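Participant: Residue numbers (our numbering), protein chains in the order written: chain A, 240 to 782; chain B, 240 to 782.
Treat the hints with care, as some may be off.
Just so you know, same-sequence chains aren't split out, so a pair can sit in one copy or run between any two.
[Stated by the list, open to error] In silico SDA-like links for lysine to any residue, alpha-carbon gap of 25 Å or less:
1. Lys655 / Arg422
2. Lys503 / Arg465
3. Lys331 / Asp373
4. Lys655 / Asp608
5. Lys451 / Lys648
6. Lys412 / Tyr452
7. Lys525 / Ile269
8. Lys503 / Cys569
9. Lys408 / Asn546
10. Lys633 / Pro760
11. Lys503 / Leu548
12. Lys503 / Glu460
Calculated from the structure, these hints are not laboratory results. No experiment lies behind these values; they were computed from the predicted model shown.
Below, each chain spelled out in residue letters.
Protein chains: 2
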Amino acid sequence: MQNLSEISGNIVDVLNNRIYTGTIHIVDGIIRSIEENTNSYNNFIMPGFVDAHIHIESSMLTPYEFARVALLHGTVATVSDPHEIANVLGLKGVYYMMENAKGAMLKFNFGAPSCVPATTFESAGATLSASEIDELMQRDDILYLSEMMNYPGVLYKDAMVMEKIAVAKKYNKPIDGHAPGLRDQQAANYIAAGISTDHECFTLDEALDKIKYGMKILIREGSAARNFDALYPLLKDHYNECMFCCDDKHPDELLLGHIDQHVKRSVALGFDVMQVLKVACVNAVKHYKLKVGLLQRNDSADFIVVNNLKDFSVQQTVINGNIVAENGNCFLPKRSHQIVNHFNTTKSTATDFAIKAKTDTINCIVAHDGQLITGNEQIKCKIENGFAVADVSKDVLKMVVVNRYQSTKPSIAFIKNFGLKYGAIASSVAHDSHNIIAIGSNDDDLCRAVNLLIENTGGLSAVNGNDELVIALPIAGLMSDKDCETIGQLYGTIDRKAKEWGSTLRAPYMTLSFMALLVIPQLKLSDKGLFDGWEFRFTELFV
Amino acid sequence: MQNLSEISGNIVDVLNNRIYTGTIHIVDGIIRSIEENTNSYNNFIMPGFVDAHIHIESSMLTPYEFARVALLHGTVATVSDPHEIANVLGLKGVYYMMENAKGAMLKFNFGAPSCVPATTFESAGATLSASEIDELMQRDDILYLSEMMNYPGVLYKDAMVMEKIAVAKKYNKPIDGHAPGLRDQQAANYIAAGISTDHECFTLDEALDKIKYGMKILIREGSAARNFDALYPLLKDHYNECMFCCDDKHPDELLLGHIDQHVKRSVALGFDVMQVLKVACVNAVKHYKLKVGLLQRNDSADFIVVNNLKDFSVQQTVINGNIVAENGNCFLPKRSHQIVNHFNTTKSTATDFAIKAKTDTINCIVAHDGQLITGNEQIKCKIENGFAVADVSKDVLKMVVVNRYQSTKPSIAFIKNFGLKYGAIASSVAHDSHNIIAIGSNDDDLCRAVNLLIENTGGLSAVNGNDELVIALPIAGLMSDKDCETIGQLYGTIDRKAKEWGSTLRAPYMTLSFMALLVIPQLKLSDKGLFDGWEFRFTELFV
Numbered sequence: 240m241q242n243l244s245e246i247s248g249n250i251v252d253v254l255n256n257r258i259y260t261g262t263i264h265i266v267d268g269i270i271r272s273i274e275e276n277t278n279s280y281n282n283f284i285m286p287g288f289v290d291a292h293i294h295i296e297s298s299m300l301t302p303y304e305f306a307r308v309a310l311l312h313g314t315v316a317t318v319s320d321p322h323e324i325a326n327v328l329g330l331k332g333v334y335y336m337m338e339n340a341k342g343a344m345l346k347f348n349f350g351a352p353s354c355v356p357a358t359t360f361e362s363a364g365a366t367l368s369a370s371e372i373d374e375l376m377q378r379d380d381i382l383y384l385s386e387m388m389n390y391p392g393v394l395y396k397d398a399m400v401m402e403k404i405a406v407a408k409k410y411n412k413p414i415d416g417h418a419p420g421l422r423d424q425q426a427a428n429y430i431a432a433g434i435s436t437d438h439e440c441f442t443l444d445e446a447l448d449k450i451k452y453g454m455k456i457l458i459r460e461g462s463a464a465r466n467f468d469a470l471y472p473l474l475k476d477h478y479n480e481c482m483f484c485c486d487d488k489h490p491d492e493l494l495l496g497h498i499d500q501h502v503k504r505s506v507a508l509g510f511d512v513m514q515v516l517k518v519a520c521v522n523a524v525k526h527y528k529l530k531v532g533l534l535q536r537n538d539s540a541d542f543i544v545v546n547n548l549k550d551f552s553v554q555q556t557v558i559n560g561n562i563v564a565e566n567g568n569c570f571l572p573k574r575s576h577q578i579v580n581h582f583n584t585t586k587s588t589a590t591d592f593a594i595k596a597k598t599d600t601i602n603c604i605v606a607h608d609g610q611l612i613t614g615n616e617q618i619k620c621k622i623e624n625g626f627a628v629a630d631v632s633k634d635v636l637k638m639v640v641v642n643r644y645q646s647t648k649p650s651i652a653f654i655k656n657f658g659l660k661y662g663a664i665a666s667s668v669a670h671d672s673h674n675i676i677a678i679g680s681n682d683d684d685l686c687r688a689v690n691l692l693i694e695n696t697g698g699l700s701a702v703n704g705n706d707e708l709v710i711a712l713p714i715a716g717l718m719s720d721k722d723c724e725t726i727g728q729l730y731g732t733i734d735r736k737a738k739e740w741g742s743t744l745r746a747p748y749m750t751l752s753f754m755a756l757l758v759i760p761q762l763k764l765s766d767k768g769l770f771d772g773w774e775f776r777f778t779e780l781f782v
Numbered sequence: 240m241q242n243l244s245e246i247s248g249n250i251v252d253v254l255n256n257r258i259y260t261g262t263i264h265i266v267d268g269i270i271r272s273i274e275e276n277t278n279s280y281n282n283f284i285m286p287g288f289v290d291a292h293i294h295i296e297s298s299m300l301t302p303y304e305f306a307r308v309a310l311l312h313g314t315v316a317t318v319s320d321p322h323e324i325a326n327v328l329g330l331k332g333v334y335y336m337m338e339n340a341k342g343a344m345l346k347f348n349f350g351a352p353s354c355v356p357a358t359t360f361e362s363a364g365a366t367l368s369a370s371e372i373d374e375l376m377q378r379d380d381i382l383y384l385s386e387m388m389n390y391p392g393v394l395y396k397d398a399m400v401m402e403k404i405a406v407a408k409k410y411n412k413p414i415d416g417h418a419p420g421l422r423d424q425q426a427a428n429y430i431a432a433g434i435s436t437d438h439e440c441f442t443l444d445e446a447l448d449k450i451k452y453g454m455k456i457l458i459r460e461g462s463a464a465r466n467f468d469a470l471y472p473l474l475k476d477h478y479n480e481c482m483f484c485c486d487d488k489h490p491d492e493l494l495l496g497h498i499d500q501h502v503k504r505s506v507a508l509g510f511d512v513m514q515v516l517k518v519a520c521v522n523a524v525k526h527y528k529l530k531v532g533l534l535q536r537n538d539s540a541d542f543i544v545v546n547n548l549k550d551f552s553v554q555q556t557v558i559n560g561n562i563v564a565e566n567g568n569c570f571l572p573k574r575s576h577q578i579v580n581h582f583n584t585t586k587s588t589a590t591d592f593a594i595k596a597k598t599d600t601i602n603c604i605v606a607h608d609g610q611l612i613t614g615n616e617q618i619k620c621k622i623e624n625g626f627a628v629a630d631v632s633k634d635v636l637k638m639v640v641v642n643r644y645q646s647t648k649p650s651i652a653f654i655k656n657f658g659l660k661y662g663a664i665a666s667s668v669a670h671d672s673h674n675i676i677a678i679g680s681n682d683d684d685l686c687r688a689v690n691l692l693i694e695n696t697g698g699l700s701a702v703n704g705n706d707e708l709v710i711a712l713p714i715a716g717l718m719s720d721k722d723c724e725t726i727g728q729l730y731g732t733i734d735r736k737a738k739e740w741g742s743t744l745r746a747p748y749m750t751l752s753f754m755a756l757l758v759i760p761q762l763k764l765s766d767k768g769l770f771d772g773w774e775f776r777f778t779e780l781f782v
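Start from the sequences and build out the full structure, keeping to the hints where you can.
Facilitator: The following block contains the structure:
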């Protein structure tokens, strides 16, 4: 990595809403002076992009490998919630992320996950108590309490929830929200409790409502949830109250772009470029008090150089005065990654997945393409020798969740709309507890798909007789120790297999990973059983 | 525009599946020789991208203005079906597109629209008879019969359809298909009739079925329909039988990319780059016998220069030896555009849109976000003084279609799921006949939105009391005479208005434009009345 001592160009001063020509002088990674001049330049020097809410784990990459790609797209900082690894490894997981990020140059800004585990109706690998939150929050490098998903807990003043909120307030650090669909007085109460951001709005009205009560809105466009089209009108009058984020970004899509994509789309829609850059580069820095420079004297020398303010094609990314990426090449050296995990279950046999038919009618989960929400349909099940079995002709597949933290009996259900005609697919990325979740057309393939993950201590697998593929995710069963190109391509291969075997879903592994997410209704499956998200209680498979 | 006489670099010879270093010598726009050498270069010279099926009209730009943006993204050719303008202006429309494209450098390759009008249940502005198709097909610059949507007509050997097919065969030109969901023997029969491509597959199975019977499959990813995720597995074993296309591309999205986006995504997923480029650059050239060079000796000098084979960031686009675009700048001079139109209706009054309630129950159209298909829900309607009216509290809005080719009474229906709480929106882009379609919360705004389009002889409008906006589309009521940045930004502004007034749809004007498309079920509205697409006949508004 080369050290930069000076650079000239069109300087985009977003803070002061002006563009001027000049030369920036850098000493020890700090902008010591900026000389204005009257030269003419082709390049634009501007603050780097910030992703205001992301779970790095969803990229299946370590923070270091994530940085090696995100830096190419002009991202200089993220607000990273290590919620996924915390559900597997607790505090140890959070510290792993912080340790791994060292030397990655990109400023990750981790927070303290507020909701581990997400519910008591599933077996997570760890819990984070209020005192552990306190241990995190007293650190200078933990900047906020992240994603308070338990909004009923906030509204009804659950003791544990209030304790965690009190810890954040004690250290005067912001608290992030997560309250899809919350409106009116309930939204006002949630916000009055001290929650300052939300990244879950899916309609403009909802966002305007929350802004009215003082919230900052994160316009999210990632691999899993896409809200840009609904929310971009906020950029007109509410650019001071918005930030951009991805929340979840898969490796194949990270290769294509990051926050630069939000920016290009916004500018193409005709929004004022300086206002868009305020949303993309400045607001998160101010809200979270990130140590990220904004092209002012005495700021750390964090910025990007782009060809113009339309394409935002990144020529250089500079962090602390180091050129970390240039024209599609990242200068971070390759390195190996320490493996940490929490995987402690014995292999299954196919008979573990057999289920006696108590009646001939079942509550069947109905997946919806591109949505986290599911339906519940009462259907006649196919019965063979007294056992309820998958019925490929009706697209009714068997789904199982296997506790990966200890050996217990799997939970079993049925699901429609995955479309698989052959084989089975499985994943140890299964929000929020990240047990093993699998869907199959027959018990043998289903069992093999699960066991492949146990052998590899986590990952994604696809099995159809002798045709099998596994992407190992040995770090917490969530992340690979490989680089983004390798994982992006492997992800492409395994996704293709599921589609070749009949899946009609846009992203079968992504949909699979949300089928155990109990907090989003209606019918879901945890390792402990079939769960009705509207009633917020377990329910019976057989009617 | 600068003439190029020689260029050196890594030459990507997709036809022969090799990359080598060398210098290309160009005389009079033709590659006269290519000298191999052993130098080292940073740039890659490769064939340009081809969009194998697009309606240029959907960009709301003239072909010339479309080119000024598409060239930046490395597109050198399109296979362009002037179906939209033909529905408005017949042959005259087709010739307008060909005339306007002159000097645009991009090779548009227009075809003869096969299905004008689309049905007899609506008033289009023109018809194209078999003899008019013959007039087109005998021209050297009309290369194919485009998009045979009337697949029942093919299967049941409708005389008019067979006559058009016979014309194409007489001139030995390919026939494009359009047969969403057609399978097995029906697909085989459709293909056996001489239809050689399809761009409507939405599942992998369907595509494999059609390939089995000898069809070429176009993997479509545009603004309206997105099938890349479902179909990309074809790139593995079927790269010889596939092409890429957009079908419809809106101006705001055209600014962001074109076929280069298909290519980047495919390569990120791990597909062999030479096979991907075969799909993106070569297959359409061969299938349609396009006069587009492929970097061989004696080919016309059509190619692009990119930074690498991962980002495909376009440094230069060269057509017939001219550098037409470079680093985000297009060298085509600005110019004005001739206006042609077919708009002949008198203004409405609000009372034209009043409708007496015959009963208290109606067949209500149900829009689905992101889909062309609609539902039919029988609901109680709100009645005021004996008239059925919009009921914003239940999200039941009034929808009207006004014949734009002659003054007749409007047809009236009701629709759910647009979400508008105030005002009205209207469009003269309304597939396939492009009459005026409007949706509103009250008759006054509805009427004003319609009349704004009549005053402007076409466009998109939004009206909420005194707050009104119109994007004039004076060319056939479909296209602007302005440039892409202007239209992209205006489109952003009007889309934002609809969302600010309550619409929860991802793209309200896009959804609106398909609510009169009778060939896609279930309930639609033409200028002649409410239409049931399953029964393929008119139906009653009042139950």
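Participant: Does each hint hold? Answer for all of them.
Facilitator: Here is how each hint holds up against the structure:
| no. | hint | in the structure |
| --- | --- | --- |
| 1 | Lys655 / Arg422 | between (32 Å within a copy, 22 Å between copies) |
| 2 | Lys503 / Arg465 | both (16 Å within a copy, 20 Å between copies) |
| 3 | Lys331 / Asp373 | within (15 Å within a copy, 74 Å between copies) |
| 4 | Lys655 / Asp608 | both (11 Å within a copy, 22 Å between copies) |
| 5 | Lys451 / Lys648 | neither (49 Å within a copy, 45 Å between copies) |
| 6 | Lys412 / Tyr452 | within (19 Å within a copy, 64 Å between copies) |
| 7 | Lys525 / Ile269 | within (19 Å within a copy, 57 Å between copies) |
| 8 | Lys503 / Cys569 | both (22 Å within a copy, 18 Å between copies) |
| 9 | Lys408 / Asn546 | neither (43 Å within a copy, 50 Å between copies) |
| 10 | Lys633 / Pro760 | both (23 Å within a copy, 24 Å between copies) |
| 11 | Lys503 / Leu548 | both (9 Å within a copy, 22 Å between copies) |
| 12 | Lys503 / Glu460 | both (13 Å within a copy, 19 Å between copies) |
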